[in-house]
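Peer 1: Go ahead and model the full structure; you've got the sequences and the hints to work with.
Quick note, the sequences are listed as chains B and S, same order.
If you count by numbering that gives the first Met the number 0, then the first sequence holds residues 0 to 165, one letter each, in order.
If you count by numbering that gives the first Met the number 0, then the second sequence holds residues 0 to 165, one letter each, in order.
Please keep in mind that the hints were generated in silico from the structure rather than gathered at the bench.
Careful: at least some of the hints might be erroneous.
[As the list claims (entries may be wrong)] 27 Å max Cα-Cα, derived DSSO-like pairs, lysine-lysine:
| no. | chain 1 | residue 1 | chain 2 | residue 2 |
| --- | --- | --- | --- | --- |
| 1 | B | Lys138 | B | Lys11 |
| 2 | S | Lys11 | S | Lys29 |
| 3 | S | Lys147 | B | Lys138 |
| 4 | B | Lys138 | S | Lys29 |
| 5 | B | Lys147 | S | Lys138 |
| 6 | S | Lys147 | S | Lys11 |
| 7 | B | Lys11 | B | Lys29 |
| 8 | B | Lys147 | S | Lys147 |
[As the list claims (entries may be wrong)] Sample of chain B residues with no beta-carbon within 12 Å of chain S, all distances over it, derived:
| no. | residue |
| --- | --- |
| 9 | Val25 |
| 10 | Ser34 |
| 11 | Ala35 |
| 12 | Gln68 |
| 13 | Leu124 |
| 14 | Ser140 |
[Claimed, not checked] Selected chain B positions facing chain S (in silico; Cβ < 10 Å):
| no. | residue |
| --- | --- |
| 15 | Asp19 |
| 16 | Cys90 |
| 17 | Trp93 |
What you are looking at is a predicted structure, and each value in this text was computed from that prediction instead of being measured.
The beta carbon of each residue, even a glycine, is placed where N, CA and C say it ideally should be.
There are 2 protein chains.
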Amino acid sequence: MVATRLDEIDRKILAELQADGRMTNVELAKRVGISAPPCLRRVRTLEESGLIRGYHAEVNARELGFEVQVFAMVGLESQAESELSAFEERCRDWPLVRECHMLNGEVDFILKCVAPDLSSFQQFLTGELLTTPNVASVKTSLVIRGAKDEPGVPFDVLEERMSRTA
Amino acid sequence: MVATRLDEIDRKILAELQADGRMTNVELAKRVGISAPPCLRRVRTLEESGLIRGYHAEVNARELGFEVQVFAMVGLESQAESELSAFEERCRDWPLVRECHMLNGEVDFILKCVAPDLSSFQQFLTGELLTTPNVASVKTSLVIRGAKDEPGVPFDVLEERMSRTA
DNA sequence: AGAGGATGCGCAATAATCTTTCGTGCCTGC
DNA sequence: GCAGGCACGAAAGATTATTGCGCATCCTCT
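Peer 2: Here's what the structure looks like:
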């Protein structure tokens with residue numbers, strides 16, 4: 000990890016931009032306690048180093064018509080590397096699948112999916128996921144309600160950690 | 000849902016800002032095919048209506064020192080509403096827990112957690128999660144590798160849907 | 001039909017911000 | 001002790017955000 004090369008100002012910048020990615024650079028500079036030009040330079044450096052991967056508007060999925068959110072646990076027949084990456088490639092092509100993580104344990108993958116309604120998810124499930132070669136089992140769980148959904152990482156924990164090592 | 004009141008330009012704006020939340024308004028206006036002032040007015044309206052919830056920088060968790068990502072399936076002893084919301088409240092207080100969703104089926108909640116390393120997660124698991132009143136069972140799965148992680152919703156699906164209803 | 005109102009666009013002007021350039025101070029290592 | 005690198009901040013010019021206003025379109029109601 001590269002985080003050790005970051006000073007407290009950089010971490011503050013990251014935390015602020017994670018919380019509000021459209022903050023103006025002057026406002027950001029004010030908050031982290033330096034003037035605008037060096038602040039912008041730091042942001043550019045963070046972007047180029049890959050620590051900032053991008054910026055995204057957070058949209059209200061439900062209001063936009065994606066009323067259904069589902070977690071799917073997928074088990075494969077074969078766990079050969081070629082089969083694993085083949086399945087991952089499939090997931091990247093499915094727009095309803097927003098996240099795909101390979102897990103340890105009995106289940107091979109967990110998928111986070113969104114869909115306009117139950118029937119379009121069922122259609123995806125039976126028409127796409129279940130008919131994919133090498134898929135052995137799929138257990139789906141509907142999200143009844145969301146209780147917390149924070150993007151990114153907790154910078155408080157990072158600060159705590161840094162001060163302890165310093 | 001409010002999405003029916005949106006025209007194609009609004010949906011394009013949302014899609015563009017979801018993909019790049021720091022795009023300048025001039026660039027955005029150019030892409031959606033109108034001039035800057037009405038474009039900015041639309042963005043403000045979308046923000047005020049709550050369709051845009053905010054903007055976030057996407058940070059590289061691993062490079063920042065959060066090397067571990069874990070899904071935790073939590074079952075509670077009692078599923079009384081007061082107990083459910085009490086547990087949700089707990090989750091909101093735990094910085095390592097980034098997401099908490101209530102599910103149908105055998106498991107009550109799924110938690111997405113990040114941690115600097117395995118031992119700090121174990122510490123959280125045994126010291127916090129497992130000692131929480133009313134928690135009956137916790138099954139954790141480590142993320143071996145990430146295959147897809149797209150924020151937000153697939154606007155292609157939305158466009159498809161709109162054109163079908165229109 | 002045609003008047004009146006509402007909605008939304010684009011132009012133009014101003015305010016704010018971004019971005020570059022440049023000079024200065026502060027460490028570091030020789 | 002003195003180059004050299006590094007990061008800061010001030011100033012200036014370029015770009016962008018934001019407001020005000022006039023115009024066109026569409027709908028509604030007479």
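Peer 1: Each hint should be assessed against the structure and marked as holding or not.
Peer 2: Hints versus structure:
1. B:Lys138 / B:Lys11: 41 Å, violated
2. S:Lys11 / S:Lys29: Holds, at about 11 Å.
3. S:Lys147 / B:Lys138: Distance ~19 Å between lysine 147 (chain S) and lysine 138 (chain B) Cα, so the pair holds.
4. B:Lys138 / S:Lys29: 44 Å, violated
5. B:Lys147 / S:Lys138: Roughly 19 Å separates the two Cα atoms, so the pair holds.
6. S:Lys147 / S:Lys11: The given pair, whose Cα atoms are some 23 Å apart, holds under the 27 Å limit.
7. B:Lys11 / B:Lys29: 11 Å, holds
8. B:Lys147 / S:Lys147: Holds, because 21 Å separates the two Cα atoms, which is no more than 27 Å.
9. Val25: 15 Å, holds
10. Ser34: 20 Å, holds
11. Ala35: At about 16 Å from chain S, alanine 35 (chain B) clears the 12 Å cut-off, so the statement holds.
12. Gln68: The claim is violated: glutamine 68 (chain B) sits with its nearest Cβ about 7 Å from chain S, within 12 Å.
13. Leu124: 15 Å, holds
14. Ser140: 4 Å, violated
15. Asp19: Hint holds; aspartate 19 (chain B) Cβ to chain S Cβ min 6 Å, cut 10 Å.
16. Cys90: Result: holds, 5 Å to nearest chain S Cβ.
17. Trp93: 9 Å, holds
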